[in-house]
Structures are given as structure tokens and as C-alpha cells.
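Required output: the full structure, derived from the provided sequences and hints.
Here is what each chain is made of, one letter per residue.
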Amino acid sequence: MASLPARLGALLAGGLALPLAGLFAAPPAANAAPPIVIGTTISETGALATDGLYEIKGIKAGVAEANLHGGWLGRKIVLKYYDDKSSPGTAVRLYQRLVTLDKVNLLVGPYSSLVTIAIAPLINKYKMATLEPGASVPSIYVPGNKWNLMNTADSTTYLHQLLPLAKQHGARTAALLGLESAYSLACYHARVAQAKQLGLKIVYRTTYTLQTDFSSIALAIKHANPDVVLECAYYPDSVNLVRALHEQGFAPKFLGETVGPVEAAYVQALGPLANRVFGNTGWWFNFKTPGNKTFIAAYTRMFHQQPDYHAAAGYTAIQVLGAAVQATHSLDQAKIRHWIVTHTVQSIQGPIHDNANGRTTGAVQDMVQIQNGVLKLVAPAELAQAPVLFPYTGH
Amino acid sequence: MRRRRARRAGTARREGASEVGTLALQLLVNGILLGGLYVLVAQSLNLIFGVMGVVNLAHGSIIALAGLFTYWFSMRTGLSPLLVLPLALAGGAAAGAAGQRLLIEPVMQAGAKAGLLSLIVTFGLSYVLIELALQVFGSDFVSVPYLQSSWKLGALAFGKALVVAGAFAAVMSALLYWWLNRTYSGKALLAASQSPTGALSCGIDVARVRLIAFGIGVGLAAAAGVLVIVIMPVAPQTASDLTLLAFVIIALGGLGDYLGVAAAALLLGIAQSVAGYYLGGNAEYVLPYVLLLVVMLAGPGRFRRLG
Amino acid sequence: MEEATGERRGEPGLTLGREAAAERRGRRRWQAGAALGALAVVAAVPLLSTGYLLQLATDTLTAIILAYGWNLISGFTGYLSFGQVSFYGLGAYSTALLVLHAHLPWYFAVLASGVVGAAAALLLGPFMLRLRGILFALGMLGLARILGVVFNSWGFAGASLGLSLPAELMPVRIYVATCLLALLAFACNAFFVHSGFGLDAVSLNEDEEAAAALGVPATRVKVIAFVLSAILPAMAGGLVAWNRSYMDPSSAFNSSLDLQIVVFVLFGGIGTLWGPFLGTLTLMLAGEQFGVAFPDLQLALYGVVVISTVLAFPGGLVGLANRFGWLMRPIVLAPKTLPAVVPPARPARQGAAPVLEVRDLTVRFGGLTALDGVSLSLRRGEMLGIIGANGAGKTTLFNAITGFVRPTSGEILYFGEPISRVPIFRRAQRGIARSFQIPRLLPSLTVWENVVLASRHGRQSHRAAEHAAWVLQTIGLAPMWRDPASRLTPGYQRQLEFARVLALDPELVLLDEVMAGMTREEQEAVRGVIRCLPEYGVAAVACVEHVIAAVSDLCDRMVVLDFGRKIAEGAPAAVLTDPVVVRAYLGEPL
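For the protein sequence lines, the chains are A, B and C, in the order given.
For the first sequence, my numbering assigns the number 1 to the initial residue and increments by one for each residue that follows.
For the second sequence, my numbering assigns the number 1 to the initial residue and increments by one for each residue that follows.
For the third sequence, my numbering assigns the number 1 to the initial residue and increments by one for each residue that follows.
Do not rely on the hints blindly, as some may be mistaken.
Distance condition first, Cα-Cα at most 27 angstroms in a straight line; then the derived DSSO-like pairs of lysine-lysine [unchecked claim]: (1) LYS60(A) <-> LYS335(A); (2) LYS160(B) <-> LYS253(A); (3) LYS335(A) <-> LYS80(A); (4) LYS253(A) <-> LYS152(B); (5) LYS293(A) <-> LYS76(A); (6) LYS103(A) <-> LYS60(A).
In case anyone wonders, no lab produced these hints; they're calculated from the structure.
Below you can see the structure in the form of C-alpha cells.
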């Protein structure tokens, strides 16, 4: 026991010595061709860590790929990133640090719309053209936030193919659920409007806060007896809803959930219950986009896991930045921004084109279905790996 | 613009009388099963508080760690996660006893301030354990696919995982009650909790009693973790939510009152089940905290006695 | 601490030693120098940088404000709150909504946030502060959760998307505003350390009931502390919202922000003036660097810091400094020397009503009847002895008269006025003083503060100090007036208990076994004081005593209680030979 305080003391002393060293340390000496530094923060821990980790790995793969081809403008590319702990407040401070202390050359946005909204004022102030692979809420991309540049399909397109598909196969009623968070509510409202437009009767709808007990919601859904159940969610609540529906003995003909199903843990956690669930993705393995095979190979080699669409979005951000820097031959933020909103980049996700507000136009998210434990792309038709299977049976 | 309430159209109005009865029964069943989960999560925290007056803020991180370990074990070996139960009980008890001796016992000597100091120590411990879980198991939510369906009794469905968890919780509560009220060692524990000096003068080794209580409490929390991971996805960051939930339940049930906590957990479960059905998810989520404030402010005098 | 003890300097010790005074002056100068240096650093920050360093400084100052706010209610007053973030969030949203919809300039909006925080605390305080200990902590946490859900689904406040404000970033002005607010926060804490009000607050932390019996208006004091500790985070929240141009429910009502603040304050030293500042400064800067160097381990570092602080140095950084005599807490309202003063003369009350009249008093606790229809009265100038076996209801009778228990039925009249519904502290202020069977001193406070706490109410502070000095000299505690109460021997502790009774300047004195466990000499001293009580303006005395011989000659009358009933009353000699009484005492030789 006696030595424990001593050791803690040593640790503390170390902790106190660091700030002085860190605050006043001289920047690395400049040489002939200093590297281009890209700064970002990522939710490595906290509530959004699962998807955030995919995104940062995608960014890393993008940087590695660019360096493999000699970097940009003949300079090596270095990634500098911090953990924002899924916290908007922490992210604001860290971006301030990236811009003013670390003096990075280029910025990539954080994961999640929420954190992105928080840093938007800062981005605007410093006029940094920031690629946003993880912020899919369209309301971010307005004239006031012109330095935020989207490079992925927005969240109102998540699972937009499911309701028409179900209607085509005879569905008449739908139950719609949305988690109280930025992206999921945008998705939820879009699907509610779509159901009305299609003439599907919404027999149950609710928004909810992150919770563990879905038995009552599942029971209410069972009594409403919809043909389609569509939930705009994050991973934990998507798993909880499927289990609760099964426990209450209800299986809708079509069951779709956003974000959750494409994660590897989903099939693992639900086993047979996951069979025939629909999910969304902005990118897929069989895309015939330029560089897609390279991306998959590089990512798998670097991280010993399969990429997902968050990883692809991260990779795309680096692709778009690289294209802009190389086309403009400069690191001038205004030039880079202008180039991005006036050109189309052929990314691994497909063509990325931003409008004057920085919102990606034309891009939509595609739909996958879990078939016997394997994710198969089922929409759009021209890329479909397998025909849609229905009804959902719950086993 | 946006409905905050759940809306059901058509079918609800067409329900016959018997269907309404079935619905009411099913809501009751769901509520009781949810209550069973709450007992499982809260009872060990209650034991530690009841005997030692210590609020163990590391409670949730113990549950999460045990759950994540269960996931790892089950995925690695393909065996039933329930096999981890005895290991979790024993390992948790040993770790709990060690932790109590090193971290909690030193502050128990502080007299009136012991409650506050132990609160702070376990708070620090929770940070360390969460970080440990992050380092070892990563930050992903995981869940073990096991006992996923339900048993049917007529028109009523009983979720299997929840039934198992509830049964474990019931047996645990009954054993605790029996032990504390009917056996010598249990009575010694209760005596020590009510008057440490008095117990000391009766020849009870109070420090040892605390060691046992904390060990058993942590062992049971770890066992709860094994069952929780089967019921819902857990990640290291779930820990503080679990602690808070357990805390709310034992406060509702009257801190240290084993039967009261079981009753409060069941009532809360039923209330949430009904609220979730008729008012939607947000109402269900916030209900425990509203009830907590209402009960504490308007409720029984026993709350004011505790300082 | 040591130099303050009078006995060590070998004289009665009413004045400070010259060396000690010089040392104190030196220390003052040193502290003033340090404060000036700190100010210079604060002023230099915006000159050095307008970017990251300025933001870090602003964030650190914000955390210091939150720490100081938390310290008021949880450190001084002792109500550990895990939900002050509720006020931070309310303030943040108030500023955001006022800027967006009322188009107020940001500084007015931030001030208005303070008003909103105060109003919320004023509404909630009387209810929430009925809870104690962990229940208060938990209740506040629940409150933050509820607010989080409300704002997460409230469309007008942007629901889960939060509110974006016009992005006018003005870091230097916000930094200056934050500095000013931090100064205000420091001033609030300094007020708590130096003032009689702060003494009241600290006394609640130590023993709320005992403090009330000394005339401390507990509810008012803690609600004021709560309101102050809500204004600071509310304004800080407003500043943060404006600075970030953005606020959302998950950052506004995030309990982990509170938990972080708890860590900072504990590390620095809870309930001290400099602790929140030092703890926050150290951990924010170390944590920032540590977080950048080892992002995965920052939380674990906080955890380890907290555990090691509690186990190895419970007083935090300030506690460590105290060991070297630095950053000591000043003694509240302490004069340089104890003034020698004459006893106060109180004009006698007019009227013929008895001092105390108890009519048919019954007190039940659940099924147990502690007092059963007891009636008695105390005339002016009278001393009443109350005797009886253990559990006879003697202490319950005192508790009912002083307001600690509520009578089930019956009436209590004080100078003819019913007082059954008057709160404890007001009874004390109106002149009903009691001692406790086991002394309930406020152990971490000095002897002086224990006394001045009681003498303060209803007096201007210099009169209070004179009165306290007189009490200490009369009781014979003057030599150790600067010692902490916890260091007194048991005999002196009883004398201090008695001194506090006298400090209230009472008209009715209730003594609960003041002589138990005293040596014969100590008993004789106390008896001397009791005899003098009428001279000090005390109209009547009632005493409960086991050492019957020690009081029988002092008493004019005696009342005997047995199982809650009055079984005998009359002159001491007659009562003590009454066969009923003798039987009740089972032949105890009298």
C-alpha cells in the first residue's frame, strides 16, 4: 500500500510536467517539403464509437493510399487526430487546437451530425474547407455553413427503397419509429412523409430516447399489426427492437432498420432473428467505382476486418480532398472549396457532387438485406446481388 | 408538428373485450419481467448499501465488465453463456473482497464522512474499470444471441431470457433475505450494519463482515452482468446508465430494504410497461426519474432520515 | 495551525504572539503577490494567443466557475449535488433562445441566464433540499436526466438537433467575460469563507439540527447557497452557448460534466477557498495534455487521481498546503484579541405569563408513546429538575419544547404564546436554548466559531463578537478559543456545549445531562455558572440530570417522568422520598 501513493505521485508529476512541455514546445522544424497535415477528431470512445472507428480507419486507409502514390503536390500526407469522446464540447476545443496550435493544412469533419453541427461555427470562422464524411443531416448544409462540405448521401435517403418495395409486394400498413437524435429524426420524418405519399397507412409511429426495454413498443406494434416496420436507429436499439418483437410473437412482412444491420455485431447478436432484415448502406463491395477494389484490399490488409460504408465515407473524404488539392495546385481553402462545389469527383462511393451549400446532391443510400447471415445488396436493381426475400419470419 | 405520443389507429378500437384482457395481462407480464431484470441489476447494490452504507458507483462497470467477458467467452468457445455464472460469482466475489480491503476499508474508518468518501472512491474506481473494459473489449455494443424467443402460455408470451434472469433474481433475493434474517452470519451482518460499535462489542469482526458483504455484492453484480448481456446489448459506456438505474430502483424501494426493492422494481417495471404502450418511448424512458423525484419529495419519511 | 494554540505560547493566549502575527503578515504579502502574478498570467493569455491557448484558458476558467459554483452547495453547505449541470443547461438554453428569439445582445442574455438559474433554484430549492446525503445527489441527477429528455424532444428548443446561434466569434471578449464571472465565483466563495453567513452554511454541513438549535435558519441558508450555486453555472452555460454558437441537449445536461467537476474540486480540496481553483487548473491542464498524449487513458487518470486523493490526502491540494501552514482557513469574525467586556444586561420581559407552559403533551413514534399527557410549567426565576429512568421521555420532552419532534397532541406556550409550529431556529432566536446529551459540537470549526455561530443571530457582528468573547471568558474556554472543537478533551467539549447555550443569550435554558462524565471540579464549575444564570438574563432553567445529587440543591422543584407519564412533582426533598418515585428507581439510593 505504501508504494502505491508514491507511484501515483510519480504519475501525477508526469502529468503536470507534460502541459508545459506541450504548450510551449516549438513546432517541428521546417524542411524543404514539409508534409501536408490533415486534422480531424473522431469518436473513438463514447456512445458513437462503433461507427466512428470505422470512419477513422477509412480515413487512414485513404491517407495511406495517397502516400503510396507520392502524396499530393509532391508532399507526404500526415494525419493528426484526437478522440472527441462523442462529445460536441470536446470536439469544439480539439478543432480549435487543430487549427490554431497544430496549424493543420486541411480538415476532415468528425463522426456524427451532432458533433459536426457543434464545430460548424468554428469551421466558418477559420474558413476551413472541411469534408464531412460523418454528417448526413441535410440541415447542416445551408448558406450560413458554407465551409462544411458533405461527401456522402444524406440521411433522408436511408432505406428510402423499402416502403415502395413493400407496397409493390402488397403491403398496406406501416409502423415507423425514430430515435431522438439528429440523423435518425431526419430519416424518420422523411419516411413518414414518404409513407403518406405512397398511401401506406401509418398504424403506429413513435419517437423514443435511448432505452433498453422495447417490450411495450413491440406489443403496441403487434396490436397495430403493420405490414412494414421501419426503425431509424443506432445499433443498440435496433437489436433491442428485433428481440422484443420476437418475444412478443410478432413478425412483420418487412422489417428494416437503419445503421444497425450493416454492422458485423448485428448478425452476431441476433443470430437467426436477423435473417431477412433490411438495412442501408452508402457503399458496397460490388460497386464498380474506380478504386473500389483497391480500397477494400488496402482496408482489409491494414485493419484485418471488412470495411463498411462509414469507412468508405472516410476514404472518400480523402479522395475528394486529394482531387481538389491536386487540381487547384494549392492548399488555399477558398480555392479548394470552390473547386469542390463546381466539380464532380468519381469516388469509391460513386460520383460526389456538392451544390453551392456544400450538400451532396444526387447521391442516395442503397439497401442491403441479411440473407442467411450474409449481407446482400438488394437495391438498386442494377447492382443487386440477390433478389429480395420476404416475408420476414423472425427465425 | 411531430407527435410525441405513440399513435395507434384502427385496430386498437376494434379490439374485443377478451383482447383487451389479454393485452392488459401481457402488459402486466412484460412489466413483471422487466421488474425482474431490475431486481437482478439492483439487489446487489442494495446489499452493499444496506450492510455498509456504501453506494458503490462502480456497480454498473462491474456488470458491464462481467457481461463483456461473458460475450468474449461465449463467442470464443461457442458454449452457453450461463456457464460463466459460477465463474462470475466466484471471480467477482474475490475481486470484490480484494477491492474492499484495498480501497473501501481504509475510508470506512472516517466515521461520519465514510459514506461520502466511499462514494467518491467507488466513483473513481468506476472510471478505471470502464477504461479497462474499453481497452480489453473495445467500445462496441455487443450481445450474446441466447434464449431469444419466448415461452407461450395461452395467448401470453414470456421472453425466455427475461424469465431466466427474473428467476435468478428471485432466488437471489430470497436467499439474501433468508441469509440475513435466519442465519447467524447474516444476522451478524445486519447487526454490523445497524451499529458497528455495538456489533464489535458483541464479538463480531465488523471489518470481516464488510469484506464478506462487499465480496458477495460484487459477485452478485458480476452474475447479473452474465444475464444482462443475454438480454440487451452492452458496451463499456453502458456502465453509468446501469449504475444510475440500479440506484434509482433501490432508492424507490427504500435503500437497504430487500423486499421493498423487489416490490419497487416490479411496480416500476409494470408502470413503465403501461406507459411505454400508451404514451410511447420517451415517457417510458423518463418515468423512473420522475417517479424517483415524486417519491423522494412527497414520499415516505424514511427518505429524510438518511443523511 | 499549531502556532494558533494559546497554551503553547505559555500565557492565557488572548493575543497572538508577535512572531506569529509577523508570520501571518508575511504570508498575506506572499498570497497577495501570488494573486497578482495569477492576474498577470490571466491578462497575458489573450496577448499571447487568440486561438487554442485562449480557448483552453476560457474553458479552464469555465470549469473553475462550475467548480466554485458546486463548491458553494456541496463543499461548504455539504449538499453533494450530482445535478448542478441542470442549471448549466438551463442557462445555456436561456441564452441561446433569448439571442435567437428576443434578439438580445449576448451579454444581456448571459445575465438573464443567471436570473433564470436563480429562479429555477429558488423554485426547486425548498423541495430538493429536504433531501439529504446521497438522496439529494441522486435527486439532482434525476432532475438533470428529466431536463435532458424534455429538451431532447422540445421542438421550440431545437429538440435533439440543438440550437445554432449566429456565428459571431469574439474570443477575447468572451474570455474577459469569463474572467469576470470567475472573479464573481471566487468572491462568492470568499464570502462563504469569511462571513457569518458562510459560517451558517458550514454549520449545516457539520450538523444541521444542532445548527438550527443555535438559531441558524437552515432552510433559508441552504436555499440561498443553492441559488448562488445555480447562478454561476447558469451564466457559465450561457457564455459557453454563445462562445460555441451552438447548444444541444446532450452537452447541456450531461451529468459527466458534473462528475468531472466533482473530481476537480475533490482534488483541490472540497469546501475550501482555493481548492476548486487549484484542482481545476491542475487537472484541466494536465488532463488536456494527458488526453492528447494518451487519449485512451484520460478517464482512467481521473479515476486514479480521485482514489489516491481520498486514500492518501483527503484534504486535496489545499489539505497538503495546510500541512505547511499555507492557505489556512481564516477564523470567521475572529478579533485580533478577545475583548474583555462586561456581561450583557437584558431588559426583563414584562407580563405575568409563565416562561414555559406545557399542556397535556403527547408524543408518539409509530406505536411507541414517548410522552403521554405531560403537563408542567416554569415560572420566572425558577429552576426545574426533570428526572426519571432511561426511556422515561425526558429528552423527548426537551425535543418537543425546542422543536426537534412534533407533538402528537397538546400545547407548548412560551411566555404565553403557542410555539408548537415555530421552527427550531426561531425558537432558539427567541431565547430557548438547549444542550445535547452527547455534545453536538461542530468539530471542524474552532471553539470561537462554535460560540459566535450562536451569538450571531439577531446581533450586529461586532456585538456578536463581544458577546462571544464574554461567554468564552465566563465559561473558562478563553485559553483555547482558536482550537478546533474536535481537539478539546471531553470535559472541555461539555463546557463548550454549555458556552453555546449561553451565547444564544437565552431566557429559557434546557440542560440535558450537562454534568454527565465530568470530574467533581468540573461539575462544581458548571454548578457555579448555573447559579449565575439568572444574572445573565435567563428567566428559567430546566435540567435533566442523572447525577441527581448534583442538581437537587439547585432546583426549586422537580418533576419525575416514568414511561412518558408524570408520576410526581414538587419540592426536591419531597419528591425524592416519594415511594412512587423510589419504586420507579428500583430502590436506587438517593
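Results for each hint:
1. About 24 angstroms separates the Cα atoms of LYS60(A) and LYS335(A), which keeps this hinted pair within 27 angstroms; it holds.
2. Using a Cα cut-off of 27 angstroms, the hinted pair LYS160(B) and LYS253(A) holds, with the two alpha carbons roughly 24 angstroms apart.
3. Our distance criterion of 27 angstroms between C-alpha atoms is met by LYS335(A) and LYS80(A), whose separation comes to about 23 angstroms.
4. This hinted pair checks out: LYS253(A) and LYS152(B) have alpha carbons roughly 22 angstroms apart, not beyond 27 angstroms.
5. Pair hint LYS293(A) plus LYS76(A) holds up; C-alpha atoms about 23 angstroms apart against a cutoff of 27 angstroms.
6. Simply put, LYS103(A) and LYS60(A) have alpha-carbon atoms about 19 angstroms apart, close enough for the 27 angstroms limit, and the pair holds.
In this structure, none of the earlier numbered hints is contradicted; all agree with it.
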